[in-house]
Amino acid sequence: MKDNVKVKKFKSQTANRRIGLGVTYTMLIVGGIVWLIPLIWIFLSAFRCEYQDGTFIGRVTSNFFPNAVGFENFRLLFTSTYYGVEGAFLKWMGNTLLIAAIDCVISTLLVLSVAYCMSKLRFKLRRAFMNMSMIIGLFPGFMSMIAIYFLLKSIGLTGNPAHPEYSVIGLIFAYSAGAGLGFQVAKGFFDVIPNALVESAKLDGCSNSKIFWRIILPLSKPIIIYQALMSFTGPWMDFIFAKVIIGADNAQYWTVSVGLYSMLFGTHPDTNLFTQFAAGCVIVAIPIVSLFMFLQKYYVEGVTAGAVKG
Amino acid sequence: MKKVIASILVLIMFVTVLSSCGSSSGTNNVIRVWVGEESVSFYKAVCEEYLAAHEDFGFTIDVKGMDTGSIAGTIATDPKAAADIYTVAHDNIGKLAATECAKPIGDQSLIDQVLADNPEPFQNVVYSTLNGQKYLFAVPYISQALFLYYNKALVTEEQAASFEGLREAAIAANTKAVTVTGDDGYNMSFALLATKVSDHSTTVKIYEGAESVSGGTKGTSNCQGDDTIAILRWLQDYAEDPNGFKWASPDGWDADLDKNNKGVLAVIGGAWHYNTAKAALGETNLGIALIPTLTLTASSVEGLTGVSAGDVYRGGTFADCKCFMINANSAKEKYAKEQELIKFLSSKEIQNRSFLECLNVPAYVGASQFIEQCYNEGKVTESQYSLAAYQVSMAEWGIPQPFITGTLNTYYYSKNAPAVFRAIIDKTAYPTTGDVIIPETNTLEGIRKALYLIEYIWMHGSNPKSFPDTLPASA
Amino acid sequence: MGKEKKLSHDAKSTTFLEDVRNAFSTFKKRLVDGSIGTKLSHLIFGVGNLLHGQIIKGLLFLSLQAGILAIMILCPTINDTPYGWKALANLSLKNVTVGGEFDPLTGEMTIGSDCKLMILFGFVTIALIVIYFLIWNLNINSSYKADLAKRAGKKPTTFREDLRELFDGKFYVLMLTPTCIAATIFTILPTIFMISIAFTTYNQQDMNELHTNLFGWNGFQNFVSVFTGEGSLGMEINNRFLPVLGWTFIWAILATLTCYFGGIILALLINKKGLKGKKIFRTIFILTIAVPQFISLLAVRNILGEYGPINTLLLNWGWITEPIGFLGLKPGDSELLAKVMVIVINMWVGIPYTMLMTSGILMNIPTDLYEAARVDGASTTKMFFKITLPYVVFVTTPYLISSFVGNINSFNSIYLLTGGGPTYTGYQAGGTDLLVTWLYKVTIDQGSYNTGAVIGIFTFIITATITLITYRRSKAYNEEDTFQ
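Protein chains in written order, with numbering that gives the first Met the number 0: chain A, 0 to 309; chain B, 0 to 474; chain C, 0 to 483.
There could be a bad hint or two in this list.
Claimed, not checked - Derived coverage of chain B by chain A (criterion: at least 3 residues anywhere in the stretch with Cβ under 8 Å from a Cβ of chain A; other residues may be distant):
1) 32-45
2) 65-76
3) 90-104
4) 277-284
What the hints assert, rightly or not - The calculated lysine-lysine pairs, modelled on DSSO-like cross-linking and capped at a C-alpha distance of 27 Å, are:
5) C:Lys-271 with C:Lys-381
6) C:Lys-27 with C:Lys-169
7) C:Lys-144 with A:Lys-123
8) C:Lys-277 with A:Lys-296
9) C:Lys-154 with A:Lys-201
10) B:Lys-426 with C:Lys-329
11) C:Lys-338 with B:Lys-426
12) A:Lys-220 with C:Lys-381
Derived by calculation from the structure, the hints in this document are not laboratory data.
Values in this document were obtained by computation on a predicted structure and should not be read as measured data.
Here a beta-carbon is modelled for each residue, glycine too, at the ideal position from N, C-alpha and C.
Okay, chain A solo, but in the shape it has when bound (with noise of 0.2 Å):
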């Protein structure tokens, strides 16, 4: 009798079990058609490839699934002229990525660099440093737009006629000055190290600087790719800031993101640049989405530490 209502409970355990899991299988496949479905269709938008009376169509449609599929507005994309400038799209990506990688180091470098010092080093203002950045982090960031942009003119890094070319340099500034304040993330993953490692290390006589170099920084890979993963997808994502600094007349070394917000919200928009949009999207995305894949673990382990010591 015993055995045999055991073996009853056991049974309807896993059937339990079972059930459970299926619910949570259909649960998690509608979550995932419902988190894809906007994905989707900018995918699908992008390969729209409709005619109307012989006229390209490139607007917002109803229908979900493109009644006709083509790369036409990737051709368009890539060969169109934008605000003036040929072949726009393509040097949009070039700005994005020199950008992105310039400010990915610079960046990388001073948050590593202060989260080092807030977390293993001792020293006078430590704390007033810190309450500062922090104080500092909470006011809206573009009101100050306007003041950096004058500041960076006044060193010739912006609404230079004569070096258009050098607001780039004036954006990087712009992107990667602040970064050493946002050092919390890393700290977090720095105090966890122990600190006997920096000690054992000082009586060999390494210098800090050692320590920093050849102790901690080949420890700490997870949150140097993750670092450089947030400073580099930064610039592909922010469409206010980059107009601004780089100049509204100079769509040439405009960003990628700038270019194709431009595209959607023009004055007397084109809607019927949308697919073209679109396609951009999909090209903007590619990269960046196989980063993120490609890098998950370390973003992963980024972000925990983040929550953690927020």
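Place chains B and C on chain A using the hints.
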């Protein structure tokens, strides 16, 4: 704490850069030109031609395309970084001249050209004052006015001639009759500026101390006339009608106009909407007409004098122009050549070419003959021809927004006059300072108060503290 | 703990009064006790170092002094606005020049002062002066240290030694200097500038009407107008401030909580034992983080649009007769629906993020806790509420705070989805506008910089209060050192 070498090095760099890069010269032999994004290729080519023909010009020309909507804001934010010559819609002239972003035109031959080529309304708006002295500030080269695009497949030409006809077609197609491309004051001008078809008359006066829209008597600004009220009441009904007026869709008016969506049968728009309208309807279905007429109903004239049911009015339009202007910060050495270049770019010949290549409707008097000639010679399609022709005839039913001589320029938009207007059509309340709130605008008194408010904003640039006991009252 | 001792003390905390007293006594000591060189260094930078044979360092100090003094005296101009002592004088905005003189023959035109640059450059100059005195202090200190070394019979440090020290004992100076300089120029100065604009009449609309590009100081008038409703945007602020503020709070609370708990639930689902294809599910959800927000949010906006697939589908099924304005893009649309929609769509963006974060934490929950509970016969739900949730919430409190503050300043979600709509006749601020998007409209679209600055300062006060209260109480702050 003495080891600050790193900081010192960076600081030195900063200091040297700071003191050396201050004045950015090096652009002194370039004249920079900003034009609308849509016609940048054309003006680039034209400028190159000009340079090739005038080897002694002494400057190179750098043409860039700008977003026409934000260009004035960009210039105002940092005029010193703006181009030497830029183009703006004439509603920005006053603002840019007032804030020292624009330099007057001094060259007599260019002034003569402006005065000889342009219709009188345009001549009036390109002047502004500097230190109490009147100067010519801008050179018109494109004219802009509203007209009607409609869906030929569902609307006949006769139906498109009147709002009632459009409604008829809309009932048949189970949709809305007409929409606008935006809800700002410019797009809604068709109602405020409507004039009586029989004698081109209206009581609306938007030029302070100037003529009425239809060239009538002089007086102060006024838009509280009984005819205006009757037209607005008519529009209230038309907007409430399920087959009547529709505000611009958030997805864009062209999504409405789309022949598949059939959200609306017609749209009041301008020449710059041509390509989008064509894409929405297809070339064969794209009809173009004057802004339709409306017939006052018995309910719309109830309680009003001077208007009677059955009076026919035609929707009006602000007839605007785009102009070249010179940046106040441009070096004086460039001044003569800038004017020379503007003289060339605004010449009839170049305006004509820009019509053929970019569909910019020329601003000069008599452009219609050229447009007709082009059509006869087969240089433009029928819809392109009718677009230009109807725009030119619409200009006769319209008036330029008084941005210089009157005060409407700086107040009309910034002080929410278009929002009051929208409140009237939607029959909603409109809040103003403190206690002064216009009640729901579904009563005669409500409409009159709202119009008084618009008028007050035109003249004073602010909301009134209270309403006068008797309306209409001129402020 | 013993090992940590070396790290775990910051410099003793001193009161401000003590600091001042210390500074004075140091100053006195160096001036009285120092060598001739040290004394001279009070006037001419680097003399002390030069006399001690520290040539490079001395020259560096000297050149810095020369550079800053050159700027202060020569007043280089940018956009015709000077730096230096003239900029200090300009800060009063009393020396503004009026332009507009025009000579039609030569095309020469005089332009009036640029007040915003006068203020900005005034602050830059003040920063330069502060830097000047910091360097002044360093230079005396450096010279005095060399004095002391000499007296003790040692050699003053060479430049090479100084450099080496910079990589060891003073490593933090090397590491922090770039950030300090960059942050001062591009973050602190602009922020100070922005705050000061709140006390001026800098308002493009007003300036257009007054036909001027000049403006002046205005005291607290702009703040007063929040309550009185006067001034150019007074009515707007007076009538819309409280609704916007209230919605900002509701939004921040709901957006934070929905994403937080949604993320935990999703993480539990994905990490369920025996579930196959964990990686695939996870990847699907991460996609929304990876795709730039302006792409994914605009896609959602189009799908929900008047002629988007959802409205078309509902119309075709005959469920509705008029397209639904989900996002309040039209003035007459429902504000409540728009608010619900942005919160729901924000979940779409935010849940995967929390999911990722909590996944790791969930796996770290000690399994013996669950075992014990299971032995006690606790149900799964009970275990979730008694073990999982408390643990996760405990560990992620800092994240909750920062995400709350982040949501208060969440610009993209609102701006890209609803644009702040539905709009109300006569007002800039629409139904779903947060303080931060309102601020954007008021400054960038309207050019009412002073009003924008007021809104910005209010936003700051709110976020700062919340952060300070919660953060100072949190373990992460108080036990920062013991946590290691």
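Here's how the hints hold up against the structure:
no.: 1; hint: 32-45; verdict: holds (count 6)
no.: 2; hint: 65-76; verdict: holds (count 8)
no.: 3; hint: 90-104; verdict: violated (count 0)
no.: 4; hint: 277-284; verdict: holds (count 7)
no.: 5; hint: C:Lys-271 with C:Lys-381; verdict: 16 Å, holds
no.: 6; hint: C:Lys-27 with C:Lys-169; verdict: 25 Å, holds
no.: 7; hint: C:Lys-144 with A:Lys-123; verdict: 19 Å, holds
no.: 8; hint: C:Lys-277 with A:Lys-296; verdict: 14 Å, holds
no.: 9; hint: C:Lys-154 with A:Lys-201; verdict: 26 Å, holds
no.: 10; hint: B:Lys-426 with C:Lys-329; verdict: 16 Å, holds
no.: 11; hint: C:Lys-338 with B:Lys-426; verdict: 25 Å, holds
no.: 12; hint: A:Lys-220 with C:Lys-381; verdict: 39 Å, violated
Consistency note: the structure conflicts with the earlier hints numbered 3, 12.
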